[in-house]
Amino acid sequence: MASYPFKEIETKWQEQWEQRGTNLVSEDKNKPKYYVLDMFPYPSGAGLHIGHPEGYTATDIVARYKKMQGFNVLHPMGFDAFGLPTERYSMQTGIHPAIATKNNIENFKRQLKMLGLAYDWSRQINTTEPNYYKWTQWMFLLIYNSWFDENSNKARHINELPIPDSIKDPLEIEKYKDEHRLAYLAMIPVNWCEALGTVLANEECDEWREKGYEVERKPMRQWMIKITKYSQRLLQDLDLVDWPYSTKEMQKNWIGRSDGAEINFKVKNSDNNILVFTTRPDTIFGATYMVLAPEHELVKEIVSVEEKNKVESYIKQASLKSDLERTELSKEKTGIFTGAYAINPATKKEIPIWIADYVLAHYGTGAIMAVPGHDERDHEFALKYNLPIIKVVEKENDDWNITESAFTDDGIAVNSANDELSINGLPTDQAKDKTIEWLESTNIGSRKVQYKLRDWLFSRQRYWGEPIPIMFFEDGTKRALDLDELPLVLPEVSDFKPAGTGESPLAKVDSWINFIDKKTGKKARFETNTMPQWAGSCWYYLRYTDPKNNEIFADKEKEKYWMSPDGIDLYMGGAEHAVLHLLYARFWHKVLFDHGYVSTPEPFKKLFHQGLIIGEDGRKMSKSLGNVINPDDVVSEFGADSIRVFEMFLGPLQDAKPWSTDGIAGVNRFLGRVWRLIIDKDDNVSADLQDIPMTSEQEFVLHSTIKKVSEDIENLHFNTAVSQMMIFVNEFTKAQIKPLKAIENFLMCLAPFAPHISEELWEKLGHSESIFNNPFPKYDDSKIQKKEIEFVVQVNSKIRARMMLPVDLEQVEYEKLTLTDESVQKHIAGKQIRKVIFVPKKLINFIV
RNA sequence: GCUCGGAUGGCGGAAUAGGUAGACGCACAGGACUUAAAAUCCUGUGAACUUCGGUUCGUGAGGGUUCAAGUCCCUCUCCGAGUACCA
71 MASYPFKEIE TKWQEQWEQR GTNLVSEDKN KPKYYVLDMF PYPSGAGLHI
121 GHPEGYTATD IVARYKKMQG FNVLHPMGFD AFGLPTERYS MQTGIHPAIA
171 TKNNIENFKR QLKMLGLAYD WSRQINTTEP NYYKWTQWMF LLIYNSWFDE
221 NSNKARHINE LPIPDSIKDP LEIEKYKDEH RLAYLAMIPV NWCEALGTVL
271 ANEECDEWRE KGYEVERKPM RQWMIKITKY SQRLLQDLDL VDWPYSTKEM
321 QKNWIGRSDG AEINFKVKNS DNNILVFTTR PDTIFGATYM VLAPEHELVK
371 EIVSVEEKNK VESYIKQASL KSDLERTELS KEKTGIFTGA YAINPATKKE
421 IPIWIADYVL AHYGTGAIMA VPGHDERDHE FALKYNLPII KVVEKENDDW
471 NITESAFTDD GIAVNSANDE LSINGLPTDQ AKDKTIEWLE STNIGSRKVQ
521 YKLRDWLFSR QRYWGEPIPI MFFEDGTKRA LDLDELPLVL PEVSDFKPAG
571 TGESPLAKVD SWINFIDKKT GKKARFETNT MPQWAGSCWY YLRYTDPKNN
621 EIFADKEKEK YWMSPDGIDL YMGGAEHAVL HLLYARFWHK VLFDHGYVST
671 PEPFKKLFHQ GLIIGEDGRK MSKSLGNVIN PDDVVSEFGA DSIRVFEMFL
721 GPLQDAKPWS TDGIAGVNRF LGRVWRLIID KDDNVSADLQ DIPMTSEQEF
771 VLHSTIKKVS EDIENLHFNT AVSQMMIFVN EFTKAQIKPL KAIENFLMCL
821 APFAPHISEE LWEKLGHSES IFNNPFPKYD DSKIQKKEIE FVVQVNSKIR
871 ARMMLPVDLE QVEYEKLTLT DESVQKHIAG KQIRKVIFVP KKLINFIV
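This note's numbering numbers the first residue of the first sequence as 71 and each following residue consecutively.
Careful: at least some of the hints might be erroneous.
Unchecked claim - Derived lysine-lysine pairs resembling DSSO-like cross-links, with alpha carbons at most 27 Å apart:
| id | residue 1 | residue 2 |
| --- | --- | --- |
| 1 | Lys630 | Lys318 |
| 2 | Lys626 | Lys204 |
| 3 | Lys288 | Lys204 |
| 4 | Lys419 | Lys504 |
| 5 | Lys628 | Lys103 |
| 6 | Lys548 | Lys247 |
| 7 | Lys751 | Lys82 |
| 8 | Lys224 | Lys318 |
| 9 | Lys856 | Lys777 |
| 10 | Lys589 | Lys204 |
| 11 | Lys618 | Lys204 |
| 12 | Lys318 | Lys676 |
| 13 | Lys676 | Lys777 |
| 14 | Lys461 | Lys518 |
| 15 | Lys857 | Lys901 |
| 16 | Lys403 | Lys336 |
| 17 | Lys911 | Lys848 |
| 18 | Lys856 | Lys911 |
| 19 | Lys853 | Lys808 |
| 20 | Lys245 | Lys548 |
| 21 | Lys857 | Lys777 |
| 22 | Lys101 | Lys630 |
| 23 | Lys901 | Lys868 |
| 24 | Lys288 | Lys380 |
| 25 | Lys912 | Lys777 |
| 26 | Lys630 | Lys99 |
| 27 | Lys403 | Lys454 |
| 28 | Lys380 | Lys336 |
| 29 | Lys245 | Lys592 |
| 30 | Lys247 | Lys589 |
| 31 | Lys419 | Lys370 |
| 32 | Lys99 | Lys618 |
| 33 | Lys101 | Lys857 |
| 34 | Lys183 | Lys103 |
| 35 | Lys811 | Lys82 |
| 36 | Lys403 | Lys338 |
| 37 | Lys675 | Lys224 |
| 38 | Lys288 | Lys567 |
| 39 | Lys172 | Lys618 |
| 40 | Lys834 | Lys868 |
Treat the hints as calculated values from the structure; they're not laboratory data.
Computed from a predicted model, the values in this text were never measured in an experiment.
Throw the hints in and build the complete structure from the sequences for me.
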């Protein structure tokens, strides 16, 4: 027999909450708001994973607790339902992705409800519904219709872009605008996967490669978004948010700010200049050669006649290599001399210009000044091709052999002087500044900040994504749809296979690529690319504040009510989104902020990552290992309250923790003990529960429990909160007659963790109102103060005795009392006390 | 390679500002109840030695600071995550 009838009571209360509308919320100016959000799931065909309830329970506990504390709590859920797995399922089965998505969402919802999560389902969103993606499209167009004003460091409407007087032709003006839009079309090499029939984002490539798919580089016309314009703000605004340190670090690394200089090198016997970026302008005297990326545009112009063939064949070879091959497979650096020379502006010496694929075209200027003495990569290359290595930075008090290895740390500049500039003897940071001053005064170069962050590739050749609401005309012009034309709804198709031309399945739909535009009367075709899956998740948290609005994505007042002053109060989700989703969403939010649509510069005030739940065998759960735990099975065997409490009890929320069947049985036993504390064998409220005063020991345990549970919920330390509740139950199980008041207070502590059993027992105790309508109990500090404690007596820092003593005595009294102890006497006997260390309420230490 | 985390009984994990290491749970052992089992309740449980009162050792390894170190400092080993020629 089950330890308590969880099946009936869980079903009963889930129905009750739904009927009563317990979890519905609306704006209430009389209450402080609290917005707690889970990263919404992708509704896969496999259903809920056992890891999902971990983060969801954590936020549910916080939501229920905050509600009991008098907050107006927004705790919504929805589905990030566009995505490749569904589209692939449709290709195989012919079932429309919208149907598959609907079924998957129904299953997910059933499972989420089964866990007793207090979501306001009236606010549910689904990124694939036209009335949702209408606004995703609208926001894309907002980005498209924006340019970045460097002076005010923010986005402005494209109509406010100053057009230079020299540009008169309307087509030229359009072109000028297009160049400045935050969303633009570009012909760029992308990661093309033939088998999937789509391009992939850089970050998606490895994932598919691991699964055995081939990904190649191929230039294609793509939509790009200038997220790079926000590099600095994305970096500095990390100071505004309360996020895990490591996540902030990852974002910082991803944005990758480098401070340095851009320097122009003249090409000998030519009008061409090679612009390089360097973080070490102080080493310019040590630049003994230059390297261009194979794709660099100047390569063709400067290559000498003699070297032309060799250079061309090298470029061809490099272009065939993927990024992966360029890095991992070729540890050995390769390169080739162009036959051309540049003039080092500091030394005025001729230095050879090489091409090598260790220089990346897409970072900096795609060219470098090579300083083999002080850069490991340049050093390796110089050794291989026998290029000169000069020491221009010295390590203090050390004779570094520069031929053997590069010295890359800061040091003191040497061999670095010409007629106008000498930095000899200066430490690196000063040498940098002085060199930059000279570069700027001579117009050779300038200070420059460089970021690693690249523009965001925003188009995918898929059917199951948001259509990009732009149409193209035969004359080469294009038009973005107006708000009254949105949403641009995906056309019905029955064949989800890619077009085979590198375009999405939409390219096969005649009504999509061959129609007459109603507004202009011109023959037109829609963009056939769709948006990446990240798009819908960039703003879903805003839609929850006003999910049904058809005039705007969210009413300004409602957005302000829930998002002010610092954004979402708690955002819970996996660390796998530490960079991409969180960076894209922050960017998206900032564009909305610049246009005045949202009230905060950052969307997520506090972020927390729940850890992975791994298999019972300590390995990651996977079908092939056969160690997958299904939430449906667990709920049916132990109940939702057990799975909730167990996942919280397993260990610290942010840690990876192994599942344990014995462990959940233990938690289920604990809930059974709670049940039997109140309900007797005959299913009645126990006669042992009486309205009697607590003993001081019971008061101590109750108030400690209230304190511990409330503090632990605030700090997301749920595992220790559960421990404390177990201590409570152990203590009160001991008592023959149980004080009712204590038990009721305890139930309120337990309620956020195990809502069903708490509601049921609360009702059985004669309450007609939901337990969640009660204020969370407060503890009385005076009840937690003990009058007597176990006092530790040490001799020479070793524990020799423990004595029960009053807490409020003077040191001398403790000395007197503790010195009477036999064991203490034994260890002190015959020796002299040199020193006494006294820690109030804890210990006394005699040094002899 | 670099950047972050982490290492505590047989297991998951506790231990506010350095001050009783191992809370709580699991597993295990013994007992009560039972014809028996399950369930439940009670007791014990870091290791070694022990004259059963204790003694010594013990938080990945080695050093250091301190009356006192899981906690602070240095060096190292192993594990996990992210990133990868970013000039």
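Hint-by-hint comparison with the structure:
About 26 Å separates the Cα atoms of lysine 630 and lysine 318, which keeps this hinted pair within 27 Å; it holds. Simply put, lysine 626 and lysine 204 have alpha-carbon atoms about 18 Å apart, close enough for the 27 Å limit, and the pair holds. Under the criterion of a C-alpha separation no larger than 27 Å, the hint pairing lysine 288 with lysine 204 is inconsistent with the structure, at around 31 Å. For the hint linking lysine 419 to lysine 504, the alpha-carbon distance of about 21 Å falls within 27 Å, and the restraint holds.
The suggested pairing of lysine 628 with lysine 103 holds, with an alpha-carbon distance near 11 Å, which does not exceed 27 Å. A hinted pair counts as satisfied when its Cα atoms are at most 27 Å apart, and lysine 548 with lysine 247 qualifies at roughly 13 Å. Straight-line distance between C-alpha atoms of lysine 751 and lysine 82 comes to about 21 Å, which keeps the hinted pair within the 27 Å bound. Of the pairs offered as hints, the one joining lysine 224 and lysine 318 holds, with about 22 Å between alpha carbons and a cut-off of 27 Å not exceeded.
For the suggested pair lysine 856 and lysine 777, the alpha carbons sit about 15 Å apart, so the restraint of at most 27 Å is met. This hinted pair checks out: lysine 589 and lysine 204 have alpha carbons roughly 19 Å apart, not beyond 27 Å. With a C-alpha separation of about 12 Å, the suggested pairing of lysine 618 with lysine 204 holds against the 27 Å cut-off. For the given pair, lysine 318 sits about 12 Å from lysine 676 by alpha-carbon distance, which is consistent with the 27 Å threshold.
Between lysine 676 and lysine 777, the direct Cα distance comes to roughly 23 Å. Compliance with the 27 Å bound is thereby established for this hinted pair. The hinted pair formed by lysine 461 and lysine 518 meets the criterion: a straight-line CA distance of about 25 Å does not exceed 27 Å. For the given pair, lysine 857 sits about 33 Å from lysine 901 by alpha-carbon distance, which is inconsistent with the 27 Å threshold. Restraint check for lysine 403 and lysine 336: satisfied, since their Cα atoms lie roughly 26 Å apart, inside the 27 Å limit.
Distance restraint check for lysine 911 and lysine 848: the Cα-Cα separation of roughly 25 Å lies within the 27 Å cut-off, and the hinted pair is therefore satisfied. The hinted pair formed by lysine 856 and lysine 911 meets the criterion: a straight-line CA distance of about 10 Å does not exceed 27 Å. A hinted pair counts as satisfied when its Cα atoms are at most 27 Å apart, and lysine 853 with lysine 808 qualifies at roughly 18 Å. Our distance criterion of 27 Å between C-alpha atoms is met by lysine 245 and lysine 548, whose separation comes to about 11 Å.
The hinted pair formed by lysine 857 and lysine 777 meets the criterion: a straight-line CA distance of about 19 Å does not exceed 27 Å. The hinted pair formed by lysine 101 and lysine 630 meets the criterion: a straight-line CA distance of about 14 Å does not exceed 27 Å. Only pairs whose Cα atoms come within 27 Å are accepted, and lysine 901 paired with lysine 868 is accepted, the gap being roughly 15 Å. With a C-alpha separation of about 24 Å, the suggested pair lysine 288 and lysine 380 falls inside the 27 Å cut-off, and the hint holds.
About 21 Å separates the Cα atoms of lysine 912 and lysine 777, which keeps this hinted pair within 27 Å; it holds. The suggested pairing of lysine 630 with lysine 99 holds, with an alpha-carbon distance near 11 Å, which does not exceed 27 Å. Proposed proximity of lysine 403 and lysine 454 is supported: the alpha carbons are some 8 Å apart, at most 27 Å. This hinted pair checks out: lysine 380 and lysine 336 have alpha carbons roughly 23 Å apart, not beyond 27 Å.
About 20 Å separates the Cα atoms of lysine 245 and lysine 592, which keeps this hinted pair within 27 Å; it holds. Pair hint lysine 247 plus lysine 589 holds up; C-alpha atoms about 22 Å apart against a cutoff of 27 Å. For the given pair, lysine 419 sits about 23 Å from lysine 370 by alpha-carbon distance, which is consistent with the 27 Å threshold. Pair hint lysine 99 plus lysine 618 holds up; C-alpha atoms about 21 Å apart against a cutoff of 27 Å.
Between lysine 101 and lysine 857, the direct Cα distance comes to roughly 40 Å. Violation of the 27 Å bound is thereby established for this hinted pair. Taken as a hint, the lysine 183 and lysine 103 pair is honoured in the structure, with Cα atoms around 24 Å apart against an allowance of 27 Å. Annotation: proposed proximity of lysine 811 to lysine 82 holds, straight-line Cα distance about 26 Å (limit 27 Å). Pair hint lysine 403 plus lysine 338 holds up; C-alpha atoms about 26 Å apart against a cutoff of 27 Å.
Taken as a hint, the lysine 675 and lysine 224 pair is honoured in the structure, with Cα atoms around 21 Å apart against an allowance of 27 Å. For a cut-off of 27 Å, the pair hint linking lysine 288 to lysine 567 stands: about 20 Å separates their Cα positions. Taking the CA atoms of lysine 172 and lysine 618, the gap is about 19 Å. The hint holds against a cut of 27 Å. Distance hint between lysine 834 and lysine 868 is unfulfilled; the C-alpha atoms sit about 53 Å from each other, more than 27 Å.
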